[in-house]
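Peer 1: Sequence:
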Amino acid sequence: MAYKLHHQHADEESGKSAAMVHSQPRRKGIGTRVWLVVSESGHTHIEEVGKHSIMRRTGLPARDLRVLDPMLSYPSTILGRERAIVINLEHIMAIITAKEVLMVNSTNPLVVQFVQDLQERVSCSKDTQQQATKNCDTDMEDAVEGTWGSPSINSHHVMSGNFNNLSDMPNTEKGSSNSATGRPEAPGPKLLPFEFRALEVCLESACRCLESETQTLEQEAYPALDELTSKISTLNLERVRQIKSRLVAISGRVQKVRDELEHLLDDDNDMAEMYLTEKFAGHSMDHTSLKEELYDEALEDDEDRGEETKSQHSYGTYTGIKPNIEELEMLLEAYFAQIDGISQKLFHMSEYVNDTEDFINIMLDEKQNQLLQMGVMLSTANMIMNAGIAVVGLSGMNIEISLFSSPTINFWETVIGTVGGCVALYLIAVGWGKKKSLI
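For the sequence shown, my numbering begins at 92 and goes up steadily by one.
Don't take each hint at face value.
[What the hints assert, rightly or not] Now the in silico label distances, taken between C-beta atoms and shown as ranges:
no., residue 1, residue 2, range
1, Ala340, Asn473, 43 to 53 angstroms
2, Asn473, Arg332, 38 to 48 angstroms
3, Phe450, Ser214, 52 to 62 angstroms
4, Thr320, Lys370, 54 to 64 angstroms
5, Asp350, Ser214, 31 to 41 angstroms
6, Leu462, Val510, 26 to 36 angstroms
7, Arg299, Leu356, 12 to 22 angstroms
8, Leu326, Met162, 36 to 46 angstroms
9, Arg299, Lys322, 28 to 38 angstroms
10, Lys322, Leu518, 16 to 26 angstroms
11, Ile323, Ile530, 23 to 33 angstroms
12, Ile323, Trp523, 25 to 35 angstroms
13, Val482, Gln459, 33 to 43 angstroms
[Said to hold, decoys possible] With a straight-line cut-off of 27 angstroms between C-alpha atoms, the simulated DSS-like cross-links for lysine-lysine are:
no., residue 1, residue 2
14, Lys527, Lys458
15, Lys190, Lys370
16, Lys347, Lys436
17, Lys335, Lys347
18, Lys526, Lys458
19, Lys525, Lys458
20, Lys458, Lys142
21, Lys335, Lys436
22, Lys322, Lys335
23, Lys322, Lys436
24, Lys142, Lys190
25, Lys335, Lys458
26, Lys322, Lys458
Calculated from the structure, these hints are not laboratory results.
Remember, it's a predicted structure, so these values are computed and weren't measured experimentally.
Using N, Cα and C, we set each Cβ at its ideal position, and we do this for glycine too.
Sequences are here, hints too, so could you generate the full structure?
Peer 2: This is the structure:
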């Protein structure tokens, strides 16, 4: 019986321990972080991805991911890499690729507003591109029908071999085809690639945040400084001290963003590295040409040599062409001008603070000079009074003086003469000090 009770108790203990093990929450993997992903179409979703997965996904080294660590303090940074752009601007910590944007998930209201702006910008650009492409296709069909007549005549011209290459085609169709996609380009301004649209939203959000803080500081700083010049008090001095501390902090942040944009504008190679869509399209063209070469190899050896030479020539032409950085340069210059304007506002505010400090120092120096003048005048009066006291002490000695044997009127004459002499000496001393500019 005791043996059965012992086994029953052991089974209960093992069951409890197993239940405790199963009830414990599963620990997260090492380096796992929650990321907010915004796709090219504007859709967002949450992913819990490890550091190594992000490195394989974006091609970034570990040192670049440390820039996005919210626990570490890094200055404003924009890094262009082979497959991604790393952004660390104010409240924005993101990785931009050619197809998506990965951000550190945060409940900061500024980050939430940034995500909404990014979704609107990406979705609007996508709709605009689709509409422009559709309109361009319709215009191309109308232009071709108006130029060449009926479709049967067009087929006859094409099949009869009247056009040996693209340069023999009419201008309507020649000027409107895209060499990369084979589709006609939309009229009007060229649509920016996805990475530049995302970068523009990042710069716009950072500049808007700094602009808002600068305006708030301006509204608080100028009235406080004016009040301090009219009334110097401990409360006003404390307010100005806090405003100056905030001004120094915001100026440092603005200067870091300005220096980063200036560094990018000065280096064309760094700007060329940020053309992710063109590099992605280049890799796709390389893979497509490789498949075509293998297929041609299986068909004909002679034609394969010619096609291989042609493919190598076209590949060398593509990789040898430097990406046109004019689009990115114009984008960065626009926000550089905006951040430079914010920097100028902060500079003028700093100059106003310095002018106020100089004015207050002048006022304090004037007060100090007045106190020194009063001290000199009091010292002079004290010296004259000591001289009068010496006369009184001399008169009060127990010695034979003819003054005491005279009538009482001589005493009052002596007192009045002593006081009048002291006053006269004081006035003479003050007049001499003013004449010598000592008082």
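Peer 1: Please go over all the hints and tell whether each is borne out by the structure.
Peer 2: Going through the hints against the structure:
| no. | hint | in the structure |
| --- | --- | --- |
| 1 | Ala340 - Asn473: 43 to 53 angstroms | 52 angstroms, holds |
| 2 | Asn473 - Arg332: 38 to 48 angstroms | 40 angstroms, holds |
| 3 | Phe450 - Ser214: 52 to 62 angstroms | 54 angstroms, holds |
| 4 | Thr320 - Lys370: 54 to 64 angstroms | 58 angstroms, holds |
| 5 | Asp350 - Ser214: 31 to 41 angstroms | 33 angstroms, holds |
| 6 | Leu462 - Val510: 26 to 36 angstroms | 28 angstroms, holds |
| 7 | Arg299 - Leu356: 12 to 22 angstroms | 21 angstroms, holds |
| 8 | Leu326 - Met162: 36 to 46 angstroms | 37 angstroms, holds |
| 9 | Arg299 - Lys322: 28 to 38 angstroms | 36 angstroms, holds |
| 10 | Lys322 - Leu518: 16 to 26 angstroms | 36 angstroms, violated |
| 11 | Ile323 - Ile530: 23 to 33 angstroms | 25 angstroms, holds |
| 12 | Ile323 - Trp523: 25 to 35 angstroms | 34 angstroms, holds |
| 13 | Val482 - Gln459: 33 to 43 angstroms | 36 angstroms, holds |
| 14 | Lys527 - Lys458 | 20 angstroms, holds |
| 15 | Lys190 - Lys370 | 12 angstroms, holds |
| 16 | Lys347 - Lys436 | 16 angstroms, holds |
| 17 | Lys335 - Lys347 | 18 angstroms, holds |
| 18 | Lys526 - Lys458 | 21 angstroms, holds |
| 19 | Lys525 - Lys458 | 18 angstroms, holds |
| 20 | Lys458 - Lys142 | 64 angstroms, violated |
| 21 | Lys335 - Lys436 | 14 angstroms, holds |
| 22 | Lys322 - Lys335 | 18 angstroms, holds |
| 23 | Lys322 - Lys436 | 26 angstroms, holds |
| 24 | Lys142 - Lys190 | 19 angstroms, holds |
| 25 | Lys335 - Lys458 | 25 angstroms, holds |
| 26 | Lys322 - Lys458 | 14 angstroms, holds |
The structure shown violates the earlier hints numbered 10, 20.
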